[in-house]
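Sequence lines, in order, name chains A and B.
First residue of the first sequence: 1, per this note's numbering; consecutive thereafter.
First residue of the second sequence: 168, per this note's numbering; consecutive thereafter.
No lab work stands behind these hints, which were simulated from the structure alone.
Just so we're clear, the structure is a prediction, and the values are computed from it rather than from any experiment.
It is possible that some hints are incorrect.
[As the list claims (entries may be wrong)] Computed spacing ranges between beta-carbons, pair by pair:
| no. | chain 1 | residue 1 | chain 2 | residue 2 | range |
| --- | --- | --- | --- | --- | --- |
| 1 | A | R105 | B | E247 | 34 to 44 Å |
| 2 | A | D73 | B | P836 | 15 to 25 Å |
| 3 | A | D73 | B | E1040 | 33 to 43 Å |
| 4 | B | N573 | A | D73 | 39 to 49 Å |
| 5 | B | K522 | A | S22 | 12 to 22 Å |
| 6 | A | K15 | B | P516 | 25 to 35 Å |
| 7 | A | D73 | B | T447 | 49 to 59 Å |
| 8 | B | E829 | A | D73 | 47 to 57 Å |
Virtual Cβ for every residue (Gly too), placed ideally from N, Cα, C.
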Amino acid sequence: MSSIQGRRPEDNVVKISILKESSVYLDTTRRAELELGKRYLFVVEFKIDDMHYTGNWYNRPAGVRMYVYGMKDKHSTLFVRGDGSTDGWVSAVMPFTTRIDKDGRDLSRPNVLLRCYNMVGTVSFRKPIIIEVPNGVEASSYFEMDNGRMVHGGVLTLTETQEGDKS
Amino acid sequence: MSRRKRIITTIILTSVLSGFASCLFAASVELWPAERRQNQTQYCYGGDWNTLNIILFSDQGGGAMKNGKYKFDPPKSFTEETVLEITLLESVEFLGAYRMGDKKAGKEYETVVVTKDGRKYTKYRVPLDNSLLNQRIQNEYYEMFFWYKPPVELDDTLRWTLTYGQEVLVDSTLRLRTAGVVEPGRAMPNRFGFYPYGPGGLGSIPEDNYDKLADLFKRLGVTGFETHWGSGLPREDGHPHPMVRANRRHGIKNIANMAYFCRDFGKGYSMASKGKDSKTIGLVEMMDIACEGLESEEAKRAWAKAAPNFDIALYDWEPQGPREWPGYDEPASIAAFAKARGIKEPLTPELVKSKYRKDYVRFRMEQTARPVYSLQKTINAVKPIPLQVEQGDGLSVQIDYDVYGNDFPALRPMTYKSTPLAYARDILEMKRTTKVPMIKFMPDITLGWPAVGPFRESPEELLLDVIVSAAGGCGNIAFWPGPHRCDAIWYGIHEGLTRVAMVEDFYFDGKPVDTISMKGIPYRVEKIDIGNKVIELHGPDFRPVLITFAHQWKEEYLLTLINYHTGQDAFVEIQSHDLRNCFLADPVHKLYTVCDDGGKAVVRVKKETPDLWIATKDKNRIMGYTKIDARTVESQRKAAREKYLKTNKAGNVKLGKVGGIEVAYDEVPFGGGPQITLRVSTPEQTLFFGDSGGRIYDWTVKGMSPFVGKKTYSTDGFGMDLLWLPENSRWKGDETRAMRLVTCDNDGKSARVVYEGEFKNSLPGVTLRKEYMIPAQYAWVVVKLTFWNERSGPVTLSYWQHNVVTPTSMHFISDSEKPVYEKGGTSVFPKEGLSKVFQKDVVSPEEIRGTLRGEYAEYFPETKSGLVFHLPEEFMNVYRWVSPNHGCSGSEWMTIPLTLAAGESKMLHYSIMAVPNTTPDALRKQME
Chain A
1 MSSIQGRRPE
11 DNVVKISILK
21 ESSVYLDTTR
31 RAELELGKRY
41 LFVVEFKIDD
51 MHYTGNWYNR
61 PAGVRMYVYG
71 MKDKHSTLFV
81 RGDGSTDGWV
91 SAVMPFTTRI
101 DKDGRDLSRP
111 NVLLRCYNMV
121 GTVSFRKPII
131 IEVPNGVEAS
141 SYFEMDNGRM
151 VHGGVLTLTE
161 TQEGDKS
Chain B
168 MSRRKRIITT
178 IILTSVLSGF
188 ASCLFAASVE
198 LWPAERRQNQ
208 TQYCYGGDWN
218 TLNIILFSDQ
228 GGGAMKNGKY
238 KFDPPKSFTE
248 ETVLEITLLE
258 SVEFLGAYRM
268 GDKKAGKEYE
278 TVVVTKDGRK
288 YTKYRVPLDN
298 SLLNQRIQNE
308 YYEMFFWYKP
318 PVELDDTLRW
328 TLTYGQEVLV
338 DSTLRLRTAG
348 VVEPGRAMPN
358 RFGFYPYGPG
368 GLGSIPEDNY
378 DKLADLFKRL
388 GVTGFETHWG
398 SGLPREDGHP
408 HPMVRANRRH
418 GIKNIANMAY
428 FCRDFGKGYS
438 MASKGKDSKT
448 IGLVEMMDIA
458 CEGLESEEAK
468 RAWAKAAPNF
478 DIALYDWEPQ
488 GPREWPGYDE
498 PASIAAFAKA
508 RGIKEPLTPE
518 LVKSKYRKDY
528 VRFRMEQTAR
538 PVYSLQKTIN
548 AVKPIPLQVE
558 QGDGLSVQID
568 YDVYGNDFPA
578 LRPMTYKSTP
588 LAYARDILEM
598 KRTTKVPMIK
608 FMPDITLGWP
618 AVGPFRESPE
628 ELLLDVIVSA
638 AGGCGNIAFW
648 PGPHRCDAIW
658 YGIHEGLTRV
668 AMVEDFYFDG
678 KPVDTISMKG
688 IPYRVEKIDI
698 GNKVIELHGP
708 DFRPVLITFA
718 HQWKEEYLLT
728 LINYHTGQDA
738 FVEIQSHDLR
748 NCFLADPVHK
758 LYTVCDDGGK
768 AVVRVKKETP
778 DLWIATKDKN
788 RIMGYTKIDA
798 RTVESQRKAA
808 REKYLKTNKA
818 GNVKLGKVGG
828 IEVAYDEVPF
838 GGGPQITLRV
848 STPEQTLFFG
858 DSGGRIYDWT
868 VKGMSPFVGK
878 KTYSTDGFGM
888 DLLWLPENSR
898 WKGDETRAMR
908 LVTCDNDGKS
918 ARVVYEGEFK
928 NSLPGVTLRK
938 EYMIPAQYAW
948 VVVKLTFWNE
958 RSGPVTLSYW
968 QHNVVTPTSM
978 HFISDSEKPV
988 YEKGGTSVFP
998 KEGLSKVFQK
1008 DVVSPEEIRG
1018 TLRGEYAEYF
1028 PETKSGLVFH
1038 LPEEFMNVYR
1048 WVSPNHGCSG
1058 SEWMTIPLTL
1068 AAGESKMLHY
1078 SIMAVPNTTP
1088 DALRKQME
């Protein structure tokens, strides 16, 4: 993401409008350089309006995926699937650990990939950041919705109707 | 040339050159499901009928039946004898073996009594049917069921081997453990039912005693069993399958699975599947054809024949969702949509994908659901019975349940999630997003299947699934696959049903309330300001793993607290003005506590456990219950906090190179596959530490041939921790359970690797902290073991260390008067001057060959190398064995019984030095 004059790069908002079912990738061009053997958190804010797609989300990529993508296919991922909108900005939080195995699979030099796959809709991203996790606490993936609702786990499912259970 | 072609060419060439004509496909075999569980455990019902299911798969097979653990290249034709041998404790009763194709589960098999560790076992020899095997192994699977009845309580081993001619294809030892006894008369829920897939795949059963089996299923809590159309219909003799009749006699409902019926009468269109016709005839026409067939007189006549045998119908429907439309949006369907919705403008595929997208999805779902209505009409034309509908994965994004769900009594989403927590989250998400009342939902849950591996490790995990389903509002629960692919893991469902029975009225007649706060208390909170927001991190973090529900019914509240944390008990603060001075009664364990004047209480919810608490002012609720004092809970919380903070303070792993020591993560082959390890390398040696039991998976030493046994995951490696006493704590699975890597430091002079874990199965409440010190110099590892007793009373244990080496020739060198013992086989060396009090605890006293003072060595003559062991003062004996058949030996030692008072800890030190290029004399000098 390039800087816009007078604004810090992380404050920029990248808005992707996809009018016809297709894929748009927003990938960093340089790898981050992180310390080996540590735990990190990737945090990014995003907003989705009227996302939808045809086909099955699990037979091919569909919807929004956010990756920390290291060497030789080592990666951690957050998924947003379903039809609908986020109704405001969502904070996505994903922990990952930098460790290297003998095949050189490694997350210590990752790219960040923010990708919209085979979908229609408007997706905005802002404030991506990677921070170190302090010792002695746990970290897990979650989404924090604009209304404060937390969705734990790495998958956020959007629905066009949010009316919910009537039991 | 593609990779596959190269492989095939290589196989053909190899076959020609070797003269051994092997198949051009691979096969695999396993004992499902225990073989692929991390805990390597097969569960059984105490004192009841059980099966072992051993399956041989072809890799050409499809669906759920493939991917066995042990791969092998099958011969072109099985001509030599193919034999399964199963070895069980003598007290386990053999009921019969059913091999695919057999007419009866026979008992006439050769048996041999064998003795191991002074206990008698029976080995059963079951030859397989080569002709059927040859036929089935091409592209399907072949299986057998071994029926047995264990004693009421059993925790032992199960060994099975598969040999073809002289070749051993598998030799596996698993843990065989009773999950519990399915006692008669335990109260089951009146409304929350259990509707699993049926036992149709079992083949013949012992003595054809279907009543015995139906009785077990009834006691377990089965409300109704699915039966596939083919096997459930009356047979030529005019009677339905005996299982169907036995179910009826025992009050279990028979459920007709209508999948084949719908496929046949719906002309293959009733699932709205994309196929070759989809571009030509489109969805609407497909549904017209399907509905016409399902409502035909022929279909009604067919159903009328079968209907008297069934109480419920199930449509295993599994349609493609309304959003999967590429290929369906042909002109006829679009025209039908325009007509149905009164749209005047000319419609194109683009318009239905954009402007009219939502309405078109809805229309497509309405069309897709039509065959279900047709099926219901046909069923009702004969005799109205409930129709359960199976579809989707739980979330409504693929299937819009509300289009038809309110018109049918039960929807069965196939919520096959790989962990209980993932399942719980799915249920919550479904509850949030679906407009159909949750009570209509009857999720199909699963323990996994061979193609994907096991999703549930233990009955306790299914207990979590049942409670979260009931508390989440589901009206029933279902299960796939049937009992033929399940061990006694259903005991967890049984236990869950008994708990739901205690509080069912709250779930069914009460209402969810959000006025009660229930939060797991963390021991550390870190806040990270990232500019626009603050990220709050907890240790431990119960927010993602503590799932709670509150239901009010009449004047009382039911609090359901489910702690999915795998490592920490949760101390949960409950707070509400509505609970002021209420009793909190736990009907499962018959305990109670009291909320204070502010409506607050703290309860402890054990890790991976559901708790039920009824908040009440009614004293009758707590009659006969034991009170838990708030101060006791608070002191438990403080102790847990102290321990957490102590062990997590330096909870990090420092990788990289300092001085001559390098620490990194690495992969090594161990137990038949690559395993991730923490590697510590010095100029002299490299050690590979694995999480499983915090064991040393491998240890390579400069100038020394490989010596660590790495073949068998469940037993091999160095530094495996077991308990010798209490006797019933042996081989309980803790030895391979993942231990937590607490610390890895490296100051260049030595590296320190610390693991911590609980003897969860063998001695719950006793934890072990294992600290390895690896110096930069010498091929040496020094180990400090600390045992903590966190139980409420004293505990006595004898520690047992298990080390497996590859040399099968090794000489024992002791520091006592008679130093060298060169013979193979089993040998025992107690501590010199061991007190008589402990002599009874020494393993295999008949194998005693000498004594030692505290140090000994193993010399490997073939590689002229050895290991020197310095044992702790408390050691009791060394136990050695050789297994030429398995190509390994063992050098183990046990301690005398050690007693730890409540809260006390005990430390032991030992070390092992590896010595290359040595002699027995040199090793002996090393000990001086």
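Hints versus structure:
no.	hint	verdict
1	R105(A) to E247(B): 34 to 44 Å	43 Å, holds
2	D73(A) to P836(B): 15 to 25 Å	21 Å, holds
3	D73(A) to E1040(B): 33 to 43 Å	51 Å, violated
4	N573(B) to D73(A): 39 to 49 Å	46 Å, holds
5	K522(B) to S22(A): 12 to 22 Å	18 Å, holds
6	K15(A) to P516(B): 25 to 35 Å	28 Å, holds
7	D73(A) to T447(B): 49 to 59 Å	41 Å, violated
8	E829(B) to D73(A): 47 to 57 Å	25 Å, violated
In this structure, the hints that do not hold are numbers 3, 7, 8, in rising order.
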